[in-house]
Amino acid sequence: MFSRNKIDNSQVLSSMKAKHQRYEALVKAFHADIYRYAYWLVKDQSVAEDIVQETFLRAWRSLDALNDEKAAKSWLITILRRENARRFERKQFDTVDIDDVSIHDETQHADGDLKDRELQRLLGGLSVEYREPLILQLIFGFSGEEIANQLGLNKNTVMTRLFRARNQLKEALEKPNEQRGRVNG
Amino acid sequence: MDELEFRRRIYADPETTDSEVVEAAKADDSKRHFWNEQKQLDKQLKQALKVDVPDDLANKLIWQQSADEFTRYKRRSRWYLAMAASVAFTVGIALTMWHHKPISIGGQALAHMQYAEMEHAHSLLPVDLNMVNAKLASFGASFNEMLDGVEVANYCHLSTVRSLHLIVDTPQGKMSVFVVPERGDVTVPSEFEDKQYRGESLKLQRANVMIVGDKDADLSEMKEAVAKRIQFSA
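Heads up: the sequence lines are chains A and B, in that order.
For the first sequence, this note's numbering gives the first residue as 1, with consecutive numbering after it.
For the second sequence, this note's numbering gives the first residue as 1001, with consecutive numbering after it.
What the hints contain is simulated information worked out from the structure, not anything from laboratory work.
Honestly, I wouldn't trust all of these hints.
Stated by the list, open to error - Cross-link-like lysine-lysine pairs, in silico, DSS-like; alpha carbons within 30 Å at most:
id	chain 1	residue 1	chain 2	residue 2
1	A	Lys155	B	Lys1031
2	B	Lys1074	A	Lys28
3	A	Lys155	B	Lys1043
4	A	Lys155	B	Lys1050
5	B	Lys1060	B	Lys1046
6	B	Lys1031	A	Lys115
7	A	Lys170	B	Lys1074
8	A	Lys70	B	Lys1046
9	B	Lys1060	A	Lys70
10	A	Lys175	B	Lys1043
11	A	Lys19	B	Lys1060
12	A	Lys28	B	Lys1031
13	A	Lys155	B	Lys1046
14	A	Lys170	B	Lys1060
Stated by the list, open to error - What follows is a list of derived Cβ distance ranges for each label pair:
id	chain 1	residue 1	chain 2	residue 2	range
15	B	Asp1055	A	Glu69	25 to 35 Å
16	A	Met16	B	Gln1047	36 to 46 Å
17	A	Arg61	B	Asp1029	47 to 57 Å
18	A	Asp68	B	Lys1043	51 to 61 Å
19	A	Phe88	B	Lys1046	45 to 55 Å
Remember, it's a predicted structure, so these values are computed and weren't measured experimentally.
Just so it is clear, CB atoms sit at the ideal spot from N, CA and C, and this is done for glycine as well.
With the hints as constraints, model all of the structure from the sequences given.
If you want it as structure tokens, here you go:
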């Protein structure tokens, strides 16, 4: 009885340890990209950080459900999007629609060069339905199909949105004298 | 592939390896130029997307996980504690119930019978009807006539039941008469015996009467005598 308990305990401990290692590997591999994705989704550093924390907490709690390490990225993104949607439900009444206001935190990027800041402003100005597929493609290197799966859209819609996103960016860049930031497609 | 379609495909994915796109770019300088431009822009966009990640984010994420685990562990041990408390509580209740389970006092009566002789020794006062009735009064009972040969009348506890123990000298030897008040958790066996004595009981209105005598004694006479004399106040 006792020796069996001991074995069980050590098995539990070693599986616990393995779980920790998995989790830490997950954090190290993805936290930066996941944070950036969150940031570009919500355009607010502290909100992004909150969402990322919540995302990883949920990831930790259901880490056993993650069987395929290759799927980790899209698994985390799925959790994050759900978290973000939840935040919207919660804060429905005390926030303004993020897409209506082009907020940009200049201090965050004061060290970036002018071109970066310009592009960041333009990216922030894209509506979220165009911005999200674009950041999935640029940050995670997702293919059109992967983006479609992730967002639950069909591939043609995704390709169209990617096209429009870049098109809008391009147009905005080519018309430096006009007011930019928000471009309606 | 026309210009618009080419741009469409490039805009959708500047990293495309689509052979049609590649062929079209090979065949047309301006397309190639456009593609390169777009690749360049994508590079810049990727750069621009790399906003600073809070320095301690990775550590925070690992820390909050341990904290979460700790609170869950605490919750879990609290759960165990609750479980243990609950088990202890149940055991406690069970023991109490077990204690309260109906007591069969036939055996107790037999044991008391064995002490009847000693009892006899320290009770030298003659026992009369008044004395017996005084003691029976606490059970709401009385004798309307004295039993013959009562030598001792004393309260005794059969298990936890206070009862009146009469030791009666009869032609068939010493007998004990126990008057046991009715109690829900006490069962009185109708007959009981051990190596030396045997007993029978008599269920009356508000009490049980047990008669214990020698193994070969006939108890029916005494039973009848008691039944005839005992009465209960309303």
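Status of each hint after checking the structure:
no.	hint	in the structure
1	A:Lys155 x B:Lys1031	24 Å, holds
2	B:Lys1074 x A:Lys28	27 Å, holds
3	A:Lys155 x B:Lys1043	23 Å, holds
4	A:Lys155 x B:Lys1050	26 Å, holds
5	B:Lys1060 x B:Lys1046	26 Å, holds
6	B:Lys1031 x A:Lys115	24 Å, holds
7	A:Lys170 x B:Lys1074	55 Å, violated
8	A:Lys70 x B:Lys1046	22 Å, holds
9	B:Lys1060 x A:Lys70	24 Å, holds
10	A:Lys175 x B:Lys1043	20 Å, holds
11	A:Lys19 x B:Lys1060	17 Å, holds
12	A:Lys28 x B:Lys1031	40 Å, violated
13	A:Lys155 x B:Lys1046	22 Å, holds
14	A:Lys170 x B:Lys1060	38 Å, violated
15	B:Asp1055 x A:Glu69: 25 to 35 Å	26 Å, holds
16	A:Met16 x B:Gln1047: 36 to 46 Å	40 Å, holds
17	A:Arg61 x B:Asp1029: 47 to 57 Å	56 Å, holds
18	A:Asp68 x B:Lys1043: 51 to 61 Å	31 Å, violated
19	A:Phe88 x B:Lys1046: 45 to 55 Å	27 Å, violated
Of the numbered hints listed earlier, those contradicted by the structure are 7, 12, 14, 18, 19.
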